[in-house]
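K.L.:
The primary structure of each chain is shown beneath.
Protein chains: 2
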Amino acid sequence: MARRSDHTREEIKTMAVAAGRELIRDAGYAGFSARKVATAIGYTVGTLYNVFENHDDIILHINAVTLEDLLSVMESRFGVSGDASADLDDYEALRALAACYIDYARENYNCWSALFEHNLAPDMPLPDWYGEKIGALFTLIEARLKPVVGEDEAELRQTARVLWASIHGICALTLTNKLTLVGVETAESLTAALIENYIAGLKTRPARL
Amino acid sequence: MARRSDHTREEIKTMAVAAGRELIRDAGYAGFSARKVATAIGYTVGTLYNVFENHDDIILHINAVTLEDLLSVMESRFGVSGDASADLDDYEALRALAACYIDYARENYNCWSALFEHNLAPDMPLPDWYGEKIGALFTLIEARLKPVVGEDEAELRQTARVLWASIHGICALTLTNKLTLVGVETAESLTAALIENYIAGLKTRPARL
Chain R
1 MARRSDHTRE EIKTMAVAAG RELIRDAGYA GFSARKVATA IGYTVGTLYN VFENHDDIIL
61 HINAVTLEDL LSVMESRFGV SGDASADLDD YEALRALAAC YIDYARENYN CWSALFEHNL
121 APDMPLPDWY GEKIGALFTL IEARLKPVVG EDEAELRQTA RVLWASIHGI CALTLTNKLT
181 LVGVETAESL TAALIENYIA GLKTRPARL
Chain S
1 MARRSDHTRE EIKTMAVAAG RELIRDAGYA GFSARKVATA IGYTVGTLYN VFENHDDIIL
61 HINAVTLEDL LSVMESRFGV SGDASADLDD YEALRALAAC YIDYARENYN CWSALFEHNL
121 APDMPLPDWY GEKIGALFTL IEARLKPVVG EDEAELRQTA RVLWASIHGI CALTLTNKLT
181 LVGVETAESL TAALIENYIA GLKTRPARL
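Read top to bottom, the protein sequences are chains R and S. The numbers in the numbering used here rise by one with no breaks, and the one at position 82 of the first sequence is 82. The numbers in the numbering used here rise by one with no breaks, and the one at position 156 of the second sequence is 156.
Among these hints, one or two may not hold up.
Each pair may be met inside one copy or between any two copies, as identical chains are not told apart.
DSBU-like cross-link-like pairs, simulated, lysine-lysine; straight-line CA separation at most 30 Å [stated by the list, open to error]:
1. Lys13 to Lys178
2. Lys146 to Lys203
3. Lys36 to Lys13
4. Lys203 to Lys13
5. Lys36 to Lys178
6. Lys36 to Lys203
7. Lys146 to Lys36
8. Lys178 to Lys146
9. Lys133 to Lys13
10. Lys13 to Lys146
Calculated from the structure, these hints are not laboratory results. A quick note: this is a predicted structure, and the numbers were derived from the prediction, not measured.
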């Protein structure tokens, strides 16, 4: 390990995020602590709180890497504005996006789960830089919904969020084995039925002026 | 407290379930332990494991009371086969059912959450009596979907499960304040959009032979 004086603040930050992410990956969100991160990188907790604003700020930086990772997996499969999957129709493309989300969650369960297990302190607003990473993921879904929903920004926004929240529900229930309890074998049949009918329903709306 | 010899096995079971449910209600699923239940009812952990099969069996009995409670709230508002809400159209009735689920989860957060936090041991099958309680809840949703979906049992089953899993996702994300992070103000607008389009989509299917 390099001597302490060798690391800039930015380097310490990067090391802490990597160590924290590894902790969560191996032991889940419940296994995370600032103390463990400090030990892993050979610094004191005090140093950690010098380079991060607070405990939430450390987790947000770790979770941001997960959001970036998920975005890069999605973009590599669907292109920034969905063009890499231009050969798929709307319905197939949205199904593939949903499958990609569920696969990512399954393969990176602890890191994905930490996105939802972490709760910001009530008085702490979500930083803009973090909100932008969430926004980038929704932009990708919205690009795929535009041919169906049209250009109305508010409706596009809402449709993307309804679909995500619904698929997230199916995903979370699948990965915690709760769908087998209600007699469902795979998440795939549920997401297919959800997207197929939801899209068909959207197409029945009267044309907007 | 009555003397120990005053209680039958059934009485001990009932006392333990009530005490366990109170524990979960006050301290969440993480605050539950067989030891605390035993202490609360003045018996040893050994006695508890004499009247229950194992740790999972205790939790299942506690969670079953939550399922019964949720069913009785739903039935009191919608009737056993949906007839108490006969004045609502399909779309309104399903929206009201979703709102009822989300309200119940909000008002009984720790008990509702325990339904999903508990994981059965991998070698333990779900007991039939517990599966029937889950089934009764789905029967209520299916009754409301029948006018839209038709009599096909398999499709009715699947449609009910898709809707529940999706609404469950919106509900879980709302109650953990995750929807505000993606710029959504209320769960209501999402469930409305979900049900409206999903139902409209179902109605576009070709008639079955």
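K.L.:
Confirm or reject each hint.
P.N.:
Here is what the structure says about each hint:
Proximity of Lys13 to Lys178 under the C-alpha cut-off of 30 Å is restricted to the inter-copy arrangement: shortest distance 26 Å between copies versus 38 Å within a copy. Taking the closest pair of Cα atoms, Lys146 and Lys203 come within 30 Å of each other both inside a single copy (12 Å) and across two copies (23 Å). Only within a single protomer do Lys36 and Lys13 lie at most 30 Å apart by alpha-carbon distance; the minimum there is 15 Å, versus 42 Å between protomers. In this assembly of identical chains, Lys203 and Lys13 lie within 30 Å of each other by CA distance neither inside one copy nor across copies; the values are 48 Å within and 54 Å between.
For the homomeric pair Lys36 and Lys178, the shortest alpha-carbon distance between copies (27 Å) is at most 30 Å, but the shortest distance inside one copy (32 Å) is not. Within a single copy, Lys36 and Lys203 get their C-alpha atoms no closer than 52 Å, and across copies no closer than 55 Å, so neither meets the 30 Å cut-off. In this homomeric assembly, Lys146 and Lys36 never come within 30 Å of each other (Cα to Cα): the closest approach is 45 Å inside a single copy and 54 Å across copies. Taking the shortest Cα distances, Lys178 and Lys146 sit within 30 Å of each other only across copies (24 Å), while inside one copy they are farther apart (33 Å).
Proximity of Lys133 and Lys13 under a CA criterion of 30 Å is satisfied intra-copy only: 19 Å inside one chain copy versus 50 Å between copies. Taking CA atoms no more than 30 Å apart as the test, Lys13 paired with Lys146 passes in neither setting, with 39 Å inside one copy and 56 Å between copies.
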